[in-house]
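Chemist: These protein sequence lines map, in sequence, to chains B and Y. Under the working numbering, the residues of the first sequence are numbered 1 to 290, in order. Under the working numbering, the residues of the second sequence are numbered 291 to 622, in order.
Be aware that one or more of the hints could be misleading.
Stated by the list, open to error - Here chain B is said to cover these stretches of chain Y; the calculated rule only asks that three of the stretch's residues, wherever they fall, bring their Cβ under 8 Å from a Cβ of chain B:
#1 302–308
#2 396–402
#3 416–425
Unchecked claim - Looking from chain B toward chain Y, a few residues come up when the C-beta cut is under 7 Å (computed):
#4 Ala154
#5 Val276
#6 Ala279
The hints are simulated quantities; they were obtained by calculation from the structure and are not laboratory data. Here the structure is a predicted model, which means the values were calculated and not measured. Where is the CB? At the ideal position from N, CA and C, for every residue including glycine.
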Amino acid sequence: MDASAAMYVAQGIHGLAYGMMLFLIAAGLTLIFGMMGILNLAHAGFFMLSAYFAYQISVWGGNYWVALIFAPLITGFIGALVERFLLRKIVATGLANQLLLTQALVFVIIGLVQAKWGTEYLPFPAPEGLNGLVNIAGMQYPEYRLFMIGISFALLIFMILILYKTRLGMIVRAAVSDAEMVNALGINVPLVFMVVFGVGTWMAGLAGVVIAPVVSVHPYLGDQVGMDAFVVVITGGFGSLGGAFLVAIVLGLLNAYGIQFVSQYAMVITFVFMAVVLAIKPTGLFGERE
Amino acid sequence: MMNNKVKWGLWVAGLISLALYPHIFGIYFSNFFITFAIVALFAISYNLLLGYTGLLSFGHAIFFGAGGYGTALALEHINGLPLIPALLIGIFSAALLALILCPIVARVRHAAFAMLHLAFNYIMYICVLKLRHITGGEDGIAGYNIPPFSIPGIVSFDMTDPILFFYFAVVVLGGSMWLAWFLTKTPLGQIMVGIRDNDMRVDYMGFRVVPTKAVVYIFSAAFAGVAGAMSALFQNMIAADGSVDIAHAFQPILATIVGGASSFFGPIAGAGIFAVLEEVTTRFTQRVELVNGIVLIIVIMYFPSGFIGLVRMIRERLFSRLIAKEVMEEPS
Chain B
1 MDASAAMYVA QGIHGLAYGM MLFLIAAGLT LIFGMMGILN LAHAGFFMLS AYFAYQISVW
61 GGNYWVALIF APLITGFIGA LVERFLLRKI VATGLANQLL LTQALVFVII GLVQAKWGTE
121 YLPFPAPEGL NGLVNIAGMQ YPEYRLFMIG ISFALLIFMI LILYKTRLGM IVRAAVSDAE
181 MVNALGINVP LVFMVVFGVG TWMAGLAGVV IAPVVSVHPY LGDQVGMDAF VVVITGGFGS
241 LGGAFLVAIV LGLLNAYGIQ FVSQYAMVIT FVFMAVVLAI KPTGLFGERE
Chain Y
291 MMNNKVKWGL WVAGLISLAL YPHIFGIYFS NFFITFAIVA LFAISYNLLL GYTGLLSFGH
351 AIFFGAGGYG TALALEHING LPLIPALLIG IFSAALLALI LCPIVARVRH AAFAMLHLAF
411 NYIMYICVLK LRHITGGEDG IAGYNIPPFS IPGIVSFDMT DPILFFYFAV VVLGGSMWLA
471 WFLTKTPLGQ IMVGIRDNDM RVDYMGFRVV PTKAVVYIFS AAFAGVAGAM SALFQNMIAA
531 DGSVDIAHAF QPILATIVGG ASSFFGPIAG AGIFAVLEEV TTRFTQRVEL VNGIVLIIVI
591 MYFPSGFIGL VRMIRERLFS RLIAKEVMEE PS
């Protein structure tokens, strides 16, 4: 295989890995939006917070796998608390308040993180045995990217199984389409909301830990990824998991090839893509509501 | 209510105290006042969208930036450009940007409007950082000449004198605030409120919703452009951070929500609260963002109508007690 083809494949792998990460984050956002109608701007803040938890666990002597299990769990728990004690009280007061409250949470999270860990870039290395290259069919692939793709796929399948094969998934899907009716049927919808918010935050946290070895940990880690995840949710259509998946992969690839060819303006491509989609179809590609 | 004499008296007293302000409090506090007034005008321009038309935008800083960069670039590249044309160039570049964007944004609402603006703000921020040869990247543009304010053949004021600039800023910013207030009292202002409350009904009444929104959007952008251009003149520099960054896009939102979006004067109160709050917090801690976030959470949770709402509530309680007293005393 010649050099340029190898470049295409390598960038493709990078793009796919980033796209799957975006989907992990966007899936949580979309689930939360679909069920509760909350556009959670703090989602990326939780993603960043989880990376810091992972770093702290590694400082305390835990290895990568310990961090991968515990950091997202702590983050998810915090997310559930935020839903219970803050968001639940203002959900009914409208979109502006939800967006502003969650953005205020971002300020608080960033402020606290800077107070505790400072603003420098902190290392969080990939685990032993995953930081090399692997040889498949005469091509070198970075193992960790493949691991990122693998773990995201595993989680995607896990989520589909839960959503479509279990009773809990049935309740969640029902609550997405009509929360009031589900509540009237005697199911404790506020509790389901809290659990979904917690699980969504857990997924963002997982993405944060998984991506940390690639980009290293810093307070503004959530900014770009969070933006991209929002673009995914909005262009995919609010509340549509399939749309989110498709757009996440497209954006990941656009980003990777964009960095290759027009490196200076790679970030702009994402937003131009979103602006074009929204200008043509304000509800997003697969969305039915605004 | 207040009779005309008292009203005029208050106006005159206000103007006199403004005129004496820089002489009494000195240069530090007159600069503090200009900073506050710029934020206040920025927040008022934002509230034309949020409070009056019901459009939540997360990217109003693009217009502040367009105004600031417009003025700064004009002063940098055009030799001998007088002050007022420089200011107008800034304002028109903000309005022009709004004119370009409004075919896209006037049709979308709610979350899509908010997020689309967040995207525009990001695009603008990145472009400003990357187009180094035009905008100076992270360092921005600084050290351009601030021309004197002159009426040819009659009078010329040196704008590098802080006290003279204070008067100029008060006139321009105050005048813009008055214009914005006037705008909300015109029939257009009434339609804006109608669109906020129920755009479908406004549509059925025969008003055209989308063009109206576009007009409001351009006005709002122009006022933000005034704030940006004045900021560029005031600081004699403009850089990406502090003009078109996301944190700056949230400044008018914070001021509007904390002050109260339901009133024209809410954003001014909010800007004042934040100016004082920042002045105080920076003496104790570096974490202004953290304090702002906590204040915002408390306001949204417990005082959803902001400072103005709080004032109204207190006034109503006082008045209701007075009214109750009158009612009790009447029969006797």
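Chemist: Now tell me if each hint is right for this structure.
Modeler: Each hint, compared with the structure:
1. 302–308: Per the Cβ count (0), the hint is violated.
2. 396–402: holds (count 6)
3. 416–425: That given contact holds, which follows from 3 residues of the segment 416–425 of chain Y lying within Cβ reach (below 8 Å) of chain B.
4. Ala154: Violated: closest Cβ of chain Y sits about 30 Å from Ala154/B, beyond 7 Å.
5. Val276: Given a least distance of 9 Å, the restraint on Val276/B is violated.
6. Ala279: Result: holds, 5 Å to nearest chain Y Cβ.
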